[in-house]
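J.: For the record, the sequence lines run as chains A and B. Just so we're aligned, residue 1 is where the first sequence starts under our numbering, counting upward by one. Just so we're aligned, residue 584 is where the second sequence starts under our numbering, counting upward by one.
Hints were generated in silico from the structure; no laboratory data involved. One or more of the hints may lead you astray.
Just the calculated beta-carbon pair ranges, DEER-fashion [to be verified]:
hint: 1; chain 1: B; residue 1: ARG813; chain 2: A; residue 2: LEU117; range: 19 to 29 Å
hint: 2; chain 1: A; residue 1: GLU12; chain 2: B; residue 2: ALA779; range: 24 to 34 Å
hint: 3; chain 1: B; residue 1: ARG594; chain 2: A; residue 2: LYS152; range: 26 to 36 Å
hint: 4; chain 1: B; residue 1: GLU917; chain 2: A; residue 2: ALA151; range: 48 to 58 Å
hint: 5; chain 1: B; residue 1: ALA900; chain 2: A; residue 2: ALA151; range: 27 to 37 Å
Incomplete in silico selection of chain B near chain A, CB under 8 Å [claimed, not checked]:
hint: 6; residue: GLU588
hint: 7; residue: ALA674
hint: 8; residue: PRO760
hint: 9; residue: LEU764
hint: 10; residue: VAL815
hint: 11; residue: PRO816
hint: 12; residue: PHE873
Fair warning: this is a prediction, and the values are worked out from it, not measured in the lab. Every residue gets a Cβ at the ideal spot worked out from N, C-alpha and C, and that includes glycine.
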Amino acid sequence: MAVDASAYVSLEAAERALRGRLARLRAWVRVLIATRFAMIGVASGAAMLAILRGYDELYGVTHPVMDALSPLLWACAAALIVGALWPLPDRLIAASADRRLALRDRIATAVELSRTLYPDGMERAQIFDAVRHLSELTPWRAYPLRFDRLAKTMVGCLALLAAVELAPIPPLLLSTRERDEQAELRAIAQQLKPAVTKLRELADEAEDEETDATAKRLERLTERMERGRVPKREALLELGAMMKRLDARIKPPSLKTAREAAQEIGERGREEMAKRAEELAERARQQGNRELEKRMREAAERARKASSADDMRKLGEEMEQAAAQTGTSLNPSALLDAAAVAISGEEWDEALSALESLQECLAGGDTELTQEQAEELARKLEELAKKLEGTELSELSQRLQQAGQCLRQGDCQGACQCLGQGTCAGRSGLGAAKLGSGVAAMQAAADAAAQSLRRPGSSQNAGMGIGPDDGSRNRIDPNTPGASLYAPRETPVDATPEQVRSAVREGGESYLSPSPTRGAPDRVDPSRVPYYEVIGDYSRAAEDALETEEVPPAYRGTVRQYFDSLQGGDGGDGGNGGNGGAG
Amino acid sequence: MGEHEDLAQRRAEQEAGRFRRLVDDLRTQVGRVIVGMEDVVESTLIALLAGGHVLLEGVPGLGKTLLVRTLSEALDLKFARVQFTPDLMPADITGTMVLWEGPGGEREFRFQHGPVFANVVLADEINRATPKTQSALLEAMQEHSISVAGTTHHLEEPFLVFATQNPIEMEGTYPLPEAQLDRFLFKVRVEFPTLAELHEIMNRTTGAETPHAEKVASRDEILSLAAVAREVPVADHVQRFALRLLLATHPESEDAPEGVRQFVRYGASPRGAQALLLSGKVRALMDGRFNVAIDDVRASALPSLRHRIGLNFEGQAEEIDPDDLIREAIERVENATRQDVPV
């Protein structure tokens, strides 16, 4: 046995080295324990999820939609905790390393001897011998990462889950009707995709998390529809739920309100601009400048027809030159008119630019406003402010109001400041307005998709009545047989959610008696609603009740079966086909 | 203080190195005469350095006697051979008082040393002698002394008894009593040589020259190295393993495997545990280690324990091999004491 002189360092140093090496081993073992438990967790989680999802796909058992990734991530997190907390005393690590590296109990003995107060020569030699062996040892050599049976099982389970989640259901397992449904869903998904992408972009720009989340859900839904991994019934329910969420996002304030306001503002702006052009024409006529008069008359005509802020800007420039020729100056309120037209055309950038130009004009001091001009400008600002109240641009409205008040008090600088703040607020409101338009577009697309899915004869689940009730949809053609019976939809109703019961008096005269309804879908409904329009809502309410465990588990199957049977009878001859029985 | 400890450590390492060199030399010298029998040679060397006696069991003609003789030749030790027969008397082993007549005609009783007064005693076919004669070795083996005519005579160290016995021819033999069996450190089974070994034996023994071993160590060296072996530390978990293994040979023990419970009448004595650890220490040094490993205990288990286990009637009737029971016990104790991390 060769004696290495260089190895003779102090015993304390050797013991420190021994502990240091053991600590490295321990850290690596913790990592491996965490990995092992993570593999066990992921494998069992993936296997269970695959079974549940597979069962769900094949038999349509509805249970809460599970995100496949979350349980697996939880398993990994739990494994990390287990790895960090697993008791690993020096003795255990040493014995384990001895076994794995065939060190013949060198390390375990050294760990024990290192606790001896005064080790003798042979004991010291043993400790040094163990340290020498440990110094040549790397943790991953003692405990190598192996692609063992457990890892293979985990990969297999994950592959199974991925297959269940992502791969299309083999056509052999689907009926003809289900295959048709999937083709239809794929087509609808293709239609929905651009709107969803646009909505996501807008939500990102506006940093609206809730809309972004809805857009993501819609995106996932379209992906699942494309892959044929969602039954039609679930697609309808999901679409309905998301349309409701989108509804909640756009009211109030709604773009619709802003648009209505904008149109009125635009009309006023155009009219004001035309009036100004006519004044200039009149002045030109008085000065005998026929050519200018003609141009201004044409300009007045163009102002009335102006559809964009660009047109208005060009007109403004032309009129400014004409005013200079006639020896007058153009009232700065012309810029406000340009802004109004821009708002009416939803050219928000142009509108804000026009307001900024107005601010610059007032701040520059080039134009001295007369009392009359200031009054007019203040009036217009206040009018515009009033029109924009309650819209996405409500803060801009407030600032415009303040600017008007400042102008009335002769405080031009204050007005400038308010206009500056207003344009800033307007820019943030602009995002919301854009998002609102995106949401509206998405809602329209989703609405169309839902309509398409509900179309009579398109599938067994037709006529589920999913989607927002804006009164414009579900209109029945008056020429259809039975339209008179279900015509109440056509009648504008201003009512609270209640159902009315009708009866026939003697002599054929009917009367209506209101009676409150509990548990019905929250919608304003006329007295009689076609069966195909409500069955979806009732079915969904039943599903909700099933999910929230209001119904005892033993009866869930019966409830589900009942609604399925209703829809099943419906699908044979289309959505309207089942109405006779229900009506 | 540090320098003193360093020196002690250096000395221990040098002694361990010397120990290993000597064992290698002994192996080489024995290997010049003995063909094969690596396990037997290994066990014999371990017993020699642990200061224990060995019972060699095997059919005649396998080279048991030659092995012992060669070993004593290589060690420069006094060697004596006693052929045990039924008519052998205790005095033939220990020696006796004889009437001695001096040159002047004076007479006195003087003690005539028997063959036991050697360093290496080969008790050939020990089971052929009567129990009375066999027991003459009891005191010598345990106490390293003999008492004759009221006088105790100490035997010179090292004192090693290598006994042989034939396992087949049992007629007219006297099986060794448990007390005597327990005094042997090892019971080694000598197996029949393989074809290749037989070829080599023929080549070496039928030629003109018979190979001989050269002396490689003196008596003092052997004693010094045997003392070094006793310094090897044993960790708690290793000692615990050895003791649990010993207890597992007892039918009433919790660790006892099914076979032991069914076929064993009594298990190994504490001398068995001493044998396990002592032989483990020697094995450790031979392997270049300064610590006893569980592997050492496991390797020593069969020769250390097989002669200390007493089978019951059922075990004897079923011709149960104690080796199988020991293997079963080792497996059980290993499973019970294994420490590992779950990766």
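J.: Look at each hint and say if it fits the structure.
T.: Now for the hints, and whether the structure bears them out:
For B/ARG813 and A/LEU117, the hinted distance range of 19 to 29 Å is satisfied, since their beta carbons lie about 21 Å from each other. Between A/GLU12 and B/ALA779 the CB atoms are about 54 Å apart, so this pair departs from the stated range of 24 to 34 Å. The hinted window of 26 to 36 Å between B/ARG594 and A/LYS152 is violated, with their beta carbons roughly 54 Å apart. Against the hinted window of 48 to 58 Å, the Cβ-Cβ separation of B/GLU917 and A/ALA151 comes to about 27 Å, which falls outside the hint.
Look at B/ALA900 against A/ALA151: about 52 Å separates their beta carbons, and that is not inside 27 to 37 Å. Against a cut-off of 8 Å between C-beta atoms, the interface hint on B/GLU588 holds, since the closest Cβ of chain A lies about 6 Å away. For B/ALA674, the suggested interface contact is broken, since its CB lies about 44 Å from the closest CB of chain A, more than 8 Å. Interface restraint check: B/PRO760 against chain A, minimum CB-CB distance 36 Å, threshold 8 Å, status violated.
The beta carbon of B/LEU764 is not positioned within 8 Å of any beta carbon in chain A (closest approach about 30 Å), and the interface hint is therefore violated. The beta carbon of B/VAL815 comes within 6 Å of a beta carbon in chain A, closer than 8 Å, and the hint placing it at the interface holds. Proximity of B/PRO816 to chain A holds as hinted, the smallest CB-CB distance being about 5 Å (cut-off 8 Å). Below 8 Å, beta-carbon pairs count as interface contacts, and B/PHE873 has one with chain A at about 4 Å; its hint therefore holds.
Hint check: violations occur at hints 2, 3, 4, 5, 7, 8 and 9; the rest are consistent with the structure.
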